[in-house]
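Spelled out from the first residue to the last, the chains are:
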Amino acid sequence: MSILVIAEHDNSSLKQATLSVVAAAKAIGGDIDVLVAGENVGAVAEAAAKAEGVNKVLVADNAAYGHFLAENLSELVAEVGKGYSHILAAAGTTGKDFMPRAAALLDVAQVSDIIRVESDDTFVRPIYAGNAIATVKSSDSIKVITVRPTAFDAVAESGSAAVEALDTVKDAGLSTFVGEEKAESDRPDLASAGIVISGGRGMQNGDNFKMLEQVADVLGAAVGASRAAVDAGFVPNDMQVGQTGKIVAPQLYVAVGISGAIQHLAGMSDSKVIVAINKDEEAPIFQVADYGLVADLFEAVPQLEEELKKVV
Amino acid sequence: MKVLVAVKRVIDYNVKVRVKPDNTGVDLANVKMAMNPFCEIAVEEAVRLKEKGVASEIVVVSIGPKAAQEQIRTALALGADRGIHVETDEEVQSLEAAKLLKSVVEKEEPKLVILGKQSIDSDNNQTGQMLAALSGMGQGTFASEVVVEGDKVNVTREVDGGLMTVALNLPAVVTTDLRLNEPRYASLPNIMKAKKKPLDTTTPADLGVDIAARLSTLKVEAPAARQAGVKVADVAELVDKLKNEAKVI
Ligand SMILES: Cc1cc2nc3c(=O)[nH]c(=O)nc-3n(C[C@H](O)[C@H](O)[C@H](O)COP(=O)(O)OP(=O)(O)OC[C@H]3O[C@@H](n4cnc5c(N)ncnc54)[C@H](O)[C@@H]3O)c2cc1C
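Line order of the protein sequences matches chains A and B. Count the first sequence with the working numbering and you get residues 11 to 322, in order. Count the second sequence with the working numbering and you get residues 111 to 359, in order.
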């Protein structure tokens with residue numbers, strides 16, 4: 011068996027998620043190569059070469075891949091991936107964009123968002139917002155799979171794989187990059203942070219999220235949100251946690267003014283410890299919380315900041 | 111220009127999903143079914159494009175059992191002009207759905223195809239991308255804004271790091287995210303009118319598409335339940351527990 015892992019990165023650094031995808035590849039078993047496609051990705055390739063268990067890093071360095079346009083990436087992945095039994099990528103917005111396209115070009119199905127490997131052709135994945143867990147078996151000759159990074163422990167960075175340049179350039183000519191609005195933040199990345207504090211509709215406005223940011227700064231935490239808080243314009247879309255937003259599984263998840271709708275739980279219920287602060291003692295979030303505090307968040311959150319400062 | 115919208119019949123998002131005791135799937139007997147929420151957003155976007163004079167005709171297509179016609183009628187009541195039902199009682203997976211849609215696209219030749227980014231049952235997030243690949247079109251996935259300009263469409267996408275805008279040659283595929291729009295409700299007169307709008311039926315065999323599934327579901331289980339924990343009296347107790355009991359801070 012030979013497995014191709016597509017690295018997730020931003021052209022300058024390798025995303026932690028890639029190390030979890032390599033872990034999933036190891037669980038399948040076989041030779042593991044990593045494909046780094048992007049523009050000026052020398053540092054990313056070097057980082058990928060350190061991922062434990064990787065045999066070879068293939069580098070496609072070209073402007074055509076600089077913005078990860080799915081039309082170009084999928085052609086590259088389909089061509090390079092033809093020689094492998096499995097193609098894996100993280101189930102982030104980049105992988106979700108180009109992987110199904112690559113699968114279709116190869117005329118194979120995709121298994122989305124796996125959380126466990128049963129064997130080389132059988133995988134476990136959540137369906138119905140995590141209300142059911144399906145075990146699926148693929149009959150395709152090439153298995154195209156996206157991996158939920160939080161479900162696999164990242165491999166160590168102790169390896170030293172060979173790095174090889176590819177000269178294949180695929181420009182489908184169907185799409186161009188126009189611009190981006192990146193949410194800049196000095197806080198840890200939401201998807202891989204050890205502690206996440208999220209606010210919901212109960213926060214009332216974007217300014218009040220500052221209260222959560224202050225707590226986050228004490229804890230070195232990332233800040234997330236419910237869909238309702240994003241829809242209301244309190245915070246940007248990339249902070250949404252849930253079935254259709256980001257999946258997080260930190261050591262500690264603090265839900266503030268969030269009712270606990272099933273679509274929100276789908277994104278955080280694998281957290282190790284869940285804390286809920288809500289003024290409604292009947293709120294469903296308390297059914298999954300390890301520690302529940304029935305309180306007005308406008309009193310509790312500033313107190314939390316003060317108490318935490320004393321102990322951390 | 112003509113816009114094609116694909117919609118899927120799924121379990122209503124408010125329904126509490128239950129796994130069948132024999133672990134073969136989830137229980138869909140006598141549960142409320144509805145249009146997938148992301149598909150509602152797709153229909154709404156098409157209707158808005160028509161109201162702006164950008165779209166001239168909206169064709170809505172659904173793949174599934176006879177009952178999927180209810181969702182097509184809903185889309186017609188919301189403002190679509192005509193429906194196509196690809197009727198089958200078989201399970202249709204993403205790749206096969208994309209192949210069926212590709213064949214509809216070849217017949218209808220729309221300038222824009224709008225789909226939901228994922229359906230809330232299988233949570234796959236694949237069909238739009240696969241359709242775009244098979245039809246040789248560009249794809250604007252997870253859209254929060256769609257602007258048609260001449261022979262291009264600019265799509266602003268919700269991505270992990272924020273927002274990203276791409277320009278696609280038309281024809282193109284767009285998949286919707288939550289913030290694209292807020293779907294309207296169908297009015298009673300429009301629901302009545304929708305009953306008279308044309309709805310054609312076809313089948314996978316008519317379209318010449320093999321829909322045999324590549325993935326088989328071996329079992330479906332309920333997730334491990336999380337136990338509700340304890341209520342704490344105040345913030346001081348909470349911090350104490352986090353530090354000394356859970357040891358996570
Ligand atoms: C297709 C689809 C996809 C979805 N995807 C997602 C998703 O990915 N993520 C997601 O989060 N949601 C998602 N949703 C939405 C989800 O169903 C809920 O509507 C949403 O999660 C509710 O957000 P909320 O808990 O912030 O708001 P609400 O449900 O309105 O809850 C607000 C809570 O704040 C509490 N509160 C108010 N004031 C205070 C105060 N002063 N002090 C303390 N507590 C207070 C209230 O008691 C209440 O419990 C999706 C829905 C659909 C249909």
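Treat the hints as calculated values from the structure; they're not laboratory data. Please note: incorrect hints may appear among the correct ones.
[Stated by the list, open to error] Straight-line C-alpha distance at most 27 Å; calculated DSSO-like pairs for lysine-lysine:
#1 B:Lys341 - A:Lys320
#2 A:Lys320 - B:Lys351
#3 B:Lys341 - B:Lys329
#4 B:Lys305 - A:Lys282
Of the hints stated earlier, which fail here? 3 and 4
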